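Colleague: Top line first, the protein sequences correspond to chains A and B.
Residue 36 in my numbering sits at position 36 of the first sequence, and the numbers go up by one each step.
Residue 1086 in my numbering sits at position 86 of the second sequence, and the numbers go up by one each step.
Careful: at least some of the hints might be erroneous.
Quick partial rundown of chain B residues pointing at chain A, CB under 10 Å, derived from the structure [unchecked claim]: (1) Val1027; (2) Phe1039; (3) Tyr1055; (4) Ser1065; (5) Asp1066; (6) Thr1068; (7) Phe1072; (8) Lys1074; (9) Phe1082; (10) Glu1116; (11) Ile1170; (12) Lys1197.
As a list, the in silico DSS-like pairs of lysine-lysine whose alpha-carbon atoms are at most 25 Å apart [stated by the list, open to error]: (13) B:Lys1019 <-> B:Lys1030; (14) B:Lys1030 <-> A:Lys23; (15) B:Lys1074 <-> B:Lys1045; (16) B:Lys1019 <-> B:Lys1045; (17) B:Lys1156 <-> A:Lys23; (18) B:Lys1139 <-> B:Lys1149; (19) B:Lys1045 <-> A:Lys23; (20) B:Lys1085 <-> B:Lys1019; (21) B:Lys1045 <-> B:Lys1085; (22) B:Lys1085 <-> B:Lys1149; (23) B:Lys1205 <-> B:Lys1139; (24) B:Lys1045 <-> B:Lys1030; (25) B:Lys1205 <-> A:Lys23; (26) B:Lys1019 <-> B:Lys1176; (27) B:Lys1176 <-> B:Lys1160; (28) A:Lys23 <-> B:Lys1085; (29) B:Lys1160 <-> A:Lys23; (30) B:Lys1045 <-> B:Lys1083; (31) B:Lys1074 <-> B:Lys1160; (32) A:Lys23 <-> B:Lys1176; (33) B:Lys1176 <-> B:Lys1085.
For the record, the hints were derived by calculation from the structure and aren't laboratory data.
On a predicted model such as this, the values are computed, not experimentally measured, just so you know.
Glycine included, each C-beta is placed from N, C-alpha and C at the ideal position.
The chain contents come next:
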Amino acid sequence: MLFKKPINPADDARLSELIRLKKRERPDEAFWDQFDRELRNRQLTALFQRKSWKERLGSMALVALRKSAVFAAAASVLALGLFTAHKTGWFPGAHIESESQAAETAAIPGAAPKVDTPIFIVEKSAAAPGEVAMDYSPVFFGSPSYEVRRITKQSVPVSYQIMAEPKQFRASQPLTEQQSLGAKVIRTGIHF
Amino acid sequence: MSFTNAISKSLVSSPERQKEADEDLAVVRKIQYGDVDAFDSLILKYRERVYSVIYNLTSNREDASDLTQETFIKAFQSINRFKGKSSFFTWLYRIALNTSLTYLRKNRLRRFFSFEKMVDEDHSEGFIENMTADSDSDKAALMTELQEKLNDAFQKLSVKHRTVITLFEIDGLSHKEIAEIVGASIGTVRSRLHYAKQFLQGELKDYLR
Chain A
1 MLFKKPINPA
11 DDARLSELIR
21 LKKRERPDEA
31 FWDQFDRELR
41 NRQLTALFQR
51 KSWKERLGSM
61 ALVALRKSAV
71 FAAAASVLAL
81 GLFTAHKTGW
91 FPGAHIESES
101 QAAETAAIPG
111 AAPKVDTPIF
121 IVEKSAAAPG
131 EVAMDYSPVF
141 FGSPSYEVRR
151 ITKQSVPVSY
161 QIMAEPKQFR
171 ASQPLTEQQS
181 LGAKVIRTGI
191 HF
Chain B
1001 MSFTNAISKS
1011 LVSSPERQKE
1021 ADEDLAVVRK
1031 IQYGDVDAFD
1041 SLILKYRERV
1051 YSVIYNLTSN
1061 REDASDLTQE
1071 TFIKAFQSIN
1081 RFKGKSSFFT
1091 WLYRIALNTS
1101 LTYLRKNRLR
1111 RFFSFEKMVD
1121 EDHSEGFIEN
1131 MTADSDSDKA
1141 ALMTELQEKL
1151 NDAFQKLSVK
1161 HRTVITLFEI
1171 DGLSHKEIAE
1181 IVGASIGTVR
1191 SRLHYAKQFL
1201 QGELKDYLR
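Take these sequences, add in the hints, and give me the full structure.
Modeller: Below is the structure:
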């Protein structure tokens, strides 16, 4: 193996001498004149250059992430929490704002809805376990909300889905308010 | 003596280096207090050494010039974050290395070489005297050939090995200083150096007889 071979001291000295020839590869004075000029210009640019807010935000985020993974994790959880709270209508007035946004979207000809599948909320007390026939794929969306992607009359949901506080579900087909799905639909919209 | 001065003292190997480190730190403090022009003295002091290291890593004079400027710009922009935990020289070299490594990584597929001319010195080393032919033109041709072979052999080394041999043989740094700069143990530095020398011996054997 290459690592194991000892180096002959005489060869080593000659090799060092040979490598040190590279010290002779030096630029001339004209090179340094130009170098100084260019560096001065770049230095001045750097001195007066202001980063855009996006770059500054990016740098700050990078520093924060480097300095503290915990901080980054906390920020992520907070962001997720805010997002979830917004989506579930936890903020007072969030529904109104979202509905008005939905209306705006609908008013624009050809504008695609922000959410493909309609979302609805069922009344908490209307459905009893075993009475509602549904086939669903519950997806954890962030406490306290669950999503149901498909509803058919084929199987029975687990009870807590319906018996809990009003939940936000996602259906694969359009629904109307007051429609009975075993539990009465009390609100619909393309998003909240 | 401040705490950071005490730290940087423990990291500097010789009294000369220590003196240099203290002087640099004084200049850095001036810059940090707003004397931006004081940075020029650091540029003047280190530009050739930084350039030499980068040039020997890239074997391209234009790239080396650009990367050396970039190194000083980065150092200038980050000078307020320099706390004196290492010597300024170590800190600057780290910036130079990182800048070069990033560049080499990005451009590894489209690299070409452009060499500096070898400066002919009066106090020629015995090596050249023994090797060169009688006429000046033969001597120049031999030097050119040797330079190409030397650079070619250097570029065949991995960047890690090239870095270590450049800092040791060309820049004259100690194992300890190199270890600090590359962020490896002294043992690793020695091992890389040994490997690099063995490799170069094989590549340059025709010139070592």
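Colleague: Each hint should be assessed against the structure and marked as holding or not.
Modeller: Now for the hints, and whether the structure bears them out:
Contact between Val1027 (chain B) and chain A, as hinted, is not supported at the beta carbon level, the nearest pair being about 16 Å apart and thus beyond 10 Å. The interface hint given for Phe1039 (chain B) is met, as the beta carbon of that residue sits about 8 Å from the closest beta carbon of chain A, less than 10 Å. Checking Tyr1055 (chain B) against chain A by beta carbon gives a least distance of about 7 Å; that is within 10 Å, so the hint holds. Residue-level restraint check for Ser1065 (chain B) holds (minimum Cβ-Cβ distance to chain A is 6 Å; threshold 10 Å).
At about 9 Å, the closest approach between the beta carbon of Asp1066 (chain B) and any beta carbon in chain A falls short of 10 Å, and the interface hint on this residue holds. Here the hint on Thr1068 (chain B) is kept, as its CB sits about 7 Å from the closest CB of chain A, short of 10 Å. Look at Phe1072 (chain B): its Cβ gets to within about 6 Å of chain A, closer than 10 Å, so that hint holds up. The interface hint given for Lys1074 (chain B) holds, since its Cβ lies 9 Å from the closest Cβ of chain A, which is under the 10 Å cut-off.
Look at Phe1082 (chain B): its Cβ only gets to about 16 Å from chain A, farther than 10 Å, so that hint breaks. For Glu1116 (chain B), the shortest C-beta to C-beta distance to chain A is roughly 4 Å, which falls under 10 Å, so the interface hint holds. Hint on Ile1170 (chain B) holds. Least Cβ distance to chain A is approximately 5 Å, under the 10 Å limit. Interface hint status for Lys1197 (chain B): upheld, as the beta-carbon distance to the closest one in chain A is roughly 6 Å, under 10 Å.
Annotation: proposed proximity of Lys1019 (chain B) to Lys1030 (chain B) holds, straight-line Cα distance about 17 Å (limit 25 Å). Of the supplied pair hints, the one linking Lys1030 (chain B) and Lys23 (chain A) is violated, its CA atoms being roughly 32 Å apart against a limit of 25 Å. Under the criterion of a C-alpha separation no larger than 25 Å, the hint pairing Lys1074 (chain B) with Lys1045 (chain B) is consistent with the structure, at around 17 Å. For the proposed pair Lys1019 (chain B) and Lys1045 (chain B), the alpha carbon gap of about 14 Å is at most 25 Å, so the pair holds.
The straight-line distance between the Cα atoms of Lys1156 (chain B) and Lys23 (chain A) is roughly 19 Å, inside the 25 Å bound, and the hint therefore holds. Our distance criterion of 25 Å between C-alpha atoms is met by Lys1139 (chain B) and Lys1149 (chain B), whose separation comes to about 15 Å. Proposed proximity of Lys1045 (chain B) and Lys23 (chain A) is supported: the alpha carbons are some 17 Å apart, at most 25 Å. At most 25 Å may separate the alpha-carbon atoms for a hinted pair to count; Lys1085 (chain B) and Lys1019 (chain B) meet this at roughly 16 Å.
Between Lys1045 (chain B) and Lys1085 (chain B) the CA atoms are separated by roughly 20 Å; this keeps the pair inside 25 Å, and the hint holds. Restraint check for Lys1085 (chain B) and Lys1149 (chain B): not satisfied, since their Cα atoms lie roughly 40 Å apart, outside the 25 Å limit. Distance check on the hinted pair: Lys1205 (chain B) and Lys1139 (chain B) sit about 19 Å apart at the alpha-carbon level, within 25 Å; holds. With a C-alpha separation of about 16 Å, the suggested pairing of Lys1045 (chain B) with Lys1030 (chain B) holds against the 25 Å cut-off.
Distance hint between Lys1205 (chain B) and Lys23 (chain A) is fulfilled; the C-alpha atoms sit about 20 Å from each other, no more than 25 Å. At most 25 Å may separate the alpha-carbon atoms for a hinted pair to count; Lys1019 (chain B) and Lys1176 (chain B) meet this at roughly 17 Å. The hinted pair formed by Lys1176 (chain B) and Lys1160 (chain B) meets the criterion: a straight-line CA distance of about 16 Å does not exceed 25 Å. Straight-line distance between C-alpha atoms of Lys23 (chain A) and Lys1085 (chain B) comes to about 30 Å, which puts the hinted pair past the 25 Å bound.
For the hint pairing Lys1160 (chain B) with Lys23 (chain A), the CA-to-CA distance comes to about 20 Å; that is within 25 Å, so the pair holds. A distance of roughly 20 Å separates the Cα atoms of Lys1045 (chain B) and Lys1083 (chain B); the hinted pair therefore holds under the 25 Å criterion. Of the supplied pair hints, the one linking Lys1074 (chain B) and Lys1160 (chain B) holds, its CA atoms being roughly 22 Å apart against a limit of 25 Å. Taking the CA atoms of Lys23 (chain A) and Lys1176 (chain B), the gap is about 22 Å. The hint holds against a cut of 25 Å.
This hinted pair checks out: Lys1176 (chain B) and Lys1085 (chain B) have alpha carbons roughly 15 Å apart, not beyond 25 Å.
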